[in-house]
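Asker: Residue numbers (full-length UniProt numbering), protein chains in the order written: chain F, 1 to 334; chain A, 1 to 299.
Mixed in with the good hints, there may be bad ones.
The calculated lysine-lysine pairs, modelled on DSS-like cross-linking and capped at a C-alpha distance of 27 Å, are [unchecked claim]:
(1) F/K253 x F/K237
(2) A/K187 x A/K127
(3) F/K123 x A/K33
(4) A/K35 x F/K123
(5) F/K123 x F/K253
(6) A/K127 x F/K7
(7) F/K239 x F/K123
(8) A/K72 x F/K158
(9) F/K239 x F/K249
Chain A side only, calculated, beta carbon under 10 Å to chain F, not exhaustive [said to hold, decoys possible]:
(10) M38
(11) R68
(12) L71
(13) D138
(14) L147
(15) L239
(16) I261
(17) P265
(18) T278
(19) F282
Across the chosen pairs, the derived CB separations fall in these ranges [what the hints assert, rightly or not]:
(20) A/S159 x F/S126: 47 to 55 Å
(21) F/S126 x A/W28: 27 to 35 Å
(22) A/M131 x F/G40: 41 to 49 Å
(23) F/S47 x A/L207: 50 to 58 Å
Source of the hints: derived by calculation from the structure; they are not laboratory data.
Glycine residues also receive a C-beta, built at the ideal position from the N, C-alpha and C atoms.
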Amino acid sequence: MKAYVLKRILIMVPVLIGMTIIVFSIIHAIPGDPAETILGQKATEQSKEALREQLGLNNPWYQQYFAYMGDLLKGDLGQSIRTRVPITQEITPYLAATAELTVAAMAFAIFFGVNAGIISAWKQNSWFDYICMLIALIGVSMPIFWLGLMEQWIFSLKLHWLPSIGRMNQRDPVEAVTNLYLIDSLIAGRWDQLWTVCKHLILPSVALGTIPMAVIARMTRSSMLEVMNSDFVRTAKAKGLSQFIVVYKHALKNAFIPVLTVIGLQTGALLGGAVLTETIFAWPGVGRYIYEAISSRDYPVIQSGILIIAFLFVVINLIVDLLYAAVDPRIRYR
Amino acid sequence: MAQATTATSNGSTSVSVEKVSGPWRDAWRTFRKNKIAMVGLVMIGFFILIALLAPVIAPYEYDTQALRDRLKAPSSSHWFGTDDLGRDLFTRVLYGARISLWVGTFSVVGSIILGTLLGILAGFYGKWIDMVISRLFDILLAFPSILLAIAIVAILGPSLQNALLAIAIVNIPTYGRLVRAKVLSLKNEEYITAARAIGMKNSAILLRHILPNSLTPIIVQGTLGIATAIIEAAALGFLGLGAQPPTPEWGKMLSDSRQFIATAPWTVIFPGVSIMLTVLAFNLMGDGLRDALDPRMKS
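Can you build the whole structure from these sequences, using the hints too?
Answerer: Here is the structure:
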């Protein structure tokens, strides 16, 4: 297993380097003078020259790239043009917000997706099966930004059940320790805020989690159907075990590997979807951070934000691959 | 496809080939039996018809403003109501079908052409070419696709064309990998060895044997890919990075109207439902095609 982990990590290195090249190219691919693009046409030649110097745009590109890599390895992501704050410092609360949202969305997607898939396979061709698969089909075709808007309209504006934007009651905030508000309100012992934080999480995580939920449900169902027809399940049934144990213990264990892959892939895809969800729900996460940087042409932030999300994406895929190998030893020898 | 007739060079005689069975005919038969896939096909046909006939069916011009009629609820004169500038939503939704289908189809065609080219180069020629291209695919796939598209549009500047280009670029690896894998598995087939033995050139082998045999997975993936591309284009439009006003693009219409959702929900409902139904249609058809053309691809 150790050798396999090492191999997987080594394979990651060229991909990560390639990613830095692409992200580095972003600022260099801007047509015309980046300094003028960033500062606007009215900027003086002096300030443009200063910015070019600051961004190192006067050096040859390979020097710039190595300088950029050097900074990255030191953990320096550069400085936001708009706020003049180092990005490493600025991005932390945004990252925490995105983490909280994606974990909640994935928890929702896994719980409902896996269970719907299992029950659909168990009660194949029942009305429950049909309804679940119809919902799953619509779910994969749903533009999440529209789903988010509809949720806001129904559950916030019409029914007044849930708040439509933000992360908590801003008038009486909890002290930020981890920036994960669920944990922060627990630390502060603020049960009232814990409840409002939960309520704020529901709509965005349902919007973000719907596509993964649908994909997971479909995969669980087809994988379970395959396993349910196998001999060992028949044996388990013949032994007189209860249906529930056969389905949830014997069958699920063997059907779970493809489901795990899909969960991993979907978690990665969620990071992209977060940009849209965060825009709609005014959720102060990395997606929104990047989006705002785009509107204000804050290129260092765009670069670093994209690099961080892509990095997380690769790491999640690595974790899934490793989990996959841990669950199914055959994979390590391929 | 089974050819019905073949003509000799002078065109005087034609030989009739019996239409018994062929892979495409079999596929069509399986596809036709799949009711859900047929629903998808009919829906796609309907949307294409709407897109083509938009100028004929539409009761108004998509950019005619009538400020007296702003945010009017659906009625007999405005079936889908009007938006904040008094433009007829039914007309705009009809024209939106043109844009979405156009962007969806052309971006996928673009990704397929480039992906196939790179996939064939990598799979057929192998060695360092394969190394470079495969790593490039790995790297492109290491970004969430919508994020990479956002980055590309941020560089090129927001417009519908650039959104199309960005979506085409981010989806190249999907097709490239598919074709590469197919070429690798075909390369060692006996009939390719035979073709080489009789002295066929590489280019001829590629065109006559390898490319036609790689078509199936591309068609399936391409159909599902149009669904994804339509959503991605709408997402870029929603973020203000795609179509620019007054282009009636569905995603842009959503973002322009979202502030009126409480008072005029129809401005948000109709464009959204249109996106969903179009995407659903391509997903249904793609699933059906997969079952019909290549049952082993089911996953």
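Asker: Hints first: check each against the structure and report whether it holds.
Answerer: These are the hints, each one checked on the structure:
Between F/K253 and F/K237 the alpha-carbon distance is near 16 Å, which keeps this suggested pair within the 27 Å criterion. Restraint check for A/K187 and A/K127: satisfied, since their Cα atoms lie roughly 14 Å apart, inside the 27 Å limit. A C-alpha spacing of about 24 Å is found between F/K123 and A/K33, which places the hinted pair at or below 27 Å, so the restraint holds. At roughly 22 Å between alpha-carbon atoms, A/K35 and F/K123 fall within 27 Å of each other, so this suggested pair holds.
At most 27 Å may separate the alpha-carbon atoms for a hinted pair to count; F/K123 and F/K253 meet this at roughly 18 Å. Pair hint A/K127 plus F/K7 holds up; C-alpha atoms about 21 Å apart against a cutoff of 27 Å. A distance of roughly 21 Å separates the Cα atoms of F/K239 and F/K123; the hinted pair therefore holds under the 27 Å criterion. Among the hinted pairs, A/K72 with F/K158 is consistent with the structure: their alpha-carbon atoms are about 19 Å apart, no more than 27 Å.
Between F/K239 and F/K249 the alpha-carbon distance is near 14 Å, which keeps this suggested pair within the 27 Å criterion. Given hint, A/M38 at the interface with chain F, is violated; its Cβ is 15 Å from that chain's nearest Cβ, farther than 10 Å. Taken as an interface hint, A/R68 does not check out: its beta carbon lies about 26 Å from the nearest beta carbon of chain F, beyond 10 Å. Because the closest C-beta pair between A/L71 and chain F is about 15 Å apart, greater than 10 Å, the hint is violated.
Interface hint status for A/D138: upheld, as the beta-carbon distance to the closest one in chain F is roughly 5 Å, under 10 Å. Here the hint on A/L147 is kept, as its CB sits about 5 Å from the closest CB of chain F, short of 10 Å. Hint status for A/L239: holds, given a least beta-carbon distance of 7 Å to chain F, under 10 Å. A hinted interface residue such as A/I261 counts as satisfied when its beta carbon comes closer than 10 Å to some beta carbon of chain F; here the least separation is about 5 Å, so the hint holds.
The interface hint given for A/P265 is met, as the beta carbon of that residue sits about 6 Å from the closest beta carbon of chain F, less than 10 Å. With its C-beta approaching chain F no nearer than about 9 Å, A/T278 sits inside the 10 Å limit, and its interface hint holds. Hint on A/F282 holds. Least Cβ distance to chain F is approximately 8 Å, under the 10 Å limit. Taking 47 to 55 Å as the suggested C-beta distance range, the pair A/S159 and F/S126 conforms, at roughly 49 Å.
Distance hint check: the CB atoms of F/S126 and A/W28 are about 31 Å apart, consistent with the given range 27 to 35 Å. The hinted window of 41 to 49 Å between A/M131 and F/G40 holds, with their beta carbons roughly 43 Å apart. Roughly 57 Å separates the CB atoms of F/S47 and A/L207, a value that falls within the hinted 50 to 58 Å.
The structure is inconsistent with the numbered hints 10, 11 and 12, although it conforms to all the rest.
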